[in-house]
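Please model the entire structure based on the sequences and the hints provided.
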Amino acid sequence: MGIISKKVKRGEIVLKEEMSEKDKEFVIMLEKYERLAFSVCYKMTGNYFDAEDMTQETFLSVYKSLENFDGNNPGGFITRIAVNKCLDYLKRADRRAVPVEDNILLENASYVPPPEDGMMQDEVKHQLLDACNDLKPPYNEVATQYYCNGKTAMQIANDSGKKLKTVQTQIRRAKEMLKKKIRKEDLV
Amino acid sequence: MHINKEQLNHYIANSMSQTEQMTFFKHISECEFCAEKLADAMLQKEQELVFTPPDLKNNILEQTVYMVKLPQEAMIASIRKKQKEFWMYTAKVVFAACVAVTIIMMPIDVFPSSSGSYNAYMEAKFPLTKEITEEDVKNNFKILDLFRNTSAKISNDISKALNLDKR
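Residue numbers (the numbering used here), protein chains in the order written: chain A, 1 to 188; chain B, 189 to 355.
A portion of the hints provided could be inaccurate.
[As the list claims (entries may be wrong)] Some residues of chain B that are not near chain A, with every Cβ distance over 10 Å (derived): (1) 228; (2) 231; (3) 277; (4) 283; (5) 312; (6) 320; (7) 321; (8) 326; (9) 329; (10) 350.
[Unchecked claim] Pulled a few chain A residues facing chain B out of the computed Cβ check, cut under 7 Å: (11) 23; (12) 52; (13) 56; (14) 79.
Calculated directly from the structure, the hints in this document are not laboratory data.
From the three backbone atoms N, C-alpha and C, an ideal C-beta is built for every residue, glycine too.
Right under this line is the structure:
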């Protein structure tokens with residue numbers, strides 16, 4: 001019933017006059033720096049799904065601290081928050097991992113050389129496609145549509161005739177499964 | 189010590205060891221200046237930034253911009269709607285109750301002469317004063333006999349007609 005939800009469909013972001021200056025600024029920042037933040041998070045966490053969570057946390061923090069932000073170089077501001085979020089995540093992940101005696105050994109063992117320059121996109125796509133295909137139906141299809149074909153939950157719902165809520169739930173579950181899977185693979 | 193260009197290039201080219209990377213990030217987490225440099229360097233190679241999940245932006249907006257604004261508007265609207273529904277429902281119930289009460293009370297209004305009950309009214313209007321005599325009974329039977337005879341006659345006629353047809 002709200003003014004914004006009536007006018008903004010999922011998948012397209014429109015600035016409205018009713019939005020406060022702060023909100024407008026945030027939407028512009030999100031639009032402009034989403035991929036930057038995501039890339040930082042991806043490089044640091046090493047997996048797509050944790051990067052998604054970290055990007056989300058980053059922007060929630062950005063939104064909360066927007067009042068203290070002087071407006072100079074939002075890219076740097078966001079990057080710093082993203083890096084901090086990911087460092088916290090890595091600390092948590094370290095604690096979650098097997099008790100470590102020889103830190104350096106484990107670091108080296110789990111060290112996967114990141115894709116070479118310019119290969120990032122393809123590498124990520126391959127990884128995602130493989131992971132999505134391994135899921136059970138109906139999650140494999142939904143996950144492939146969402147993560148590999150770049151369709152929003154709304155589009156998938158429209159194409160398949162499923163309810164939006166169902167699709168959203170399936171995506172969420174698929175993501176949980178993919179996360180566990182990728183973490184396991186990382187440990188091996 | 190701030191990050192130099194060489195380190196930045198190493199980072200962009202993914203040719204840093206993990207330990208180097210950790211030092212690099214730890215510095216950036218504390219230094220706005222270097223965070224800015226990293227952001228600019230990454231934005232210059234925008235085509236190499238990783239594509240994001242399709243609904244990420246929306247999910248973030250739902251937890252921020254929409255979250256703060258919408259609930260207030262939406263909540264007021266939904267409360268108003270609920271209030272309206274409640275009053276409509278109440279009005280309906282009250283109306284139904286009124287109708288029911290009117291129907292129950294109607295005999296009292298319609299039969300004002302009686303002392304309030306239907307039977308009393310009927311007795312007042314059609315008093316059972318006359319006693320039933322033998323003649324009344326006989327008269328009643330006469331009517332019954334007449335009816336019986338007539339029906340017998342008609343059935344006889346019909347059967348005769350049918351028999352004639354057969355012959």
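Hint check:
| no. | hint | verdict |
| --- | --- | --- |
| 1 | 228 | violated (7 Å) |
| 2 | 231 | violated (6 Å) |
| 3 | 277 | holds (20 Å) |
| 4 | 283 | holds (29 Å) |
| 5 | 312 | holds (63 Å) |
| 6 | 320 | holds (77 Å) |
| 7 | 321 | holds (82 Å) |
| 8 | 326 | holds (83 Å) |
| 9 | 329 | holds (79 Å) |
| 10 | 350 | holds (71 Å) |
| 11 | 23 | holds (5 Å) |
| 12 | 52 | holds (5 Å) |
| 13 | 56 | holds (6 Å) |
| 14 | 79 | holds (4 Å) |
This entry does not satisfy hints 1 and 2, going by the numbered hints stated previously.
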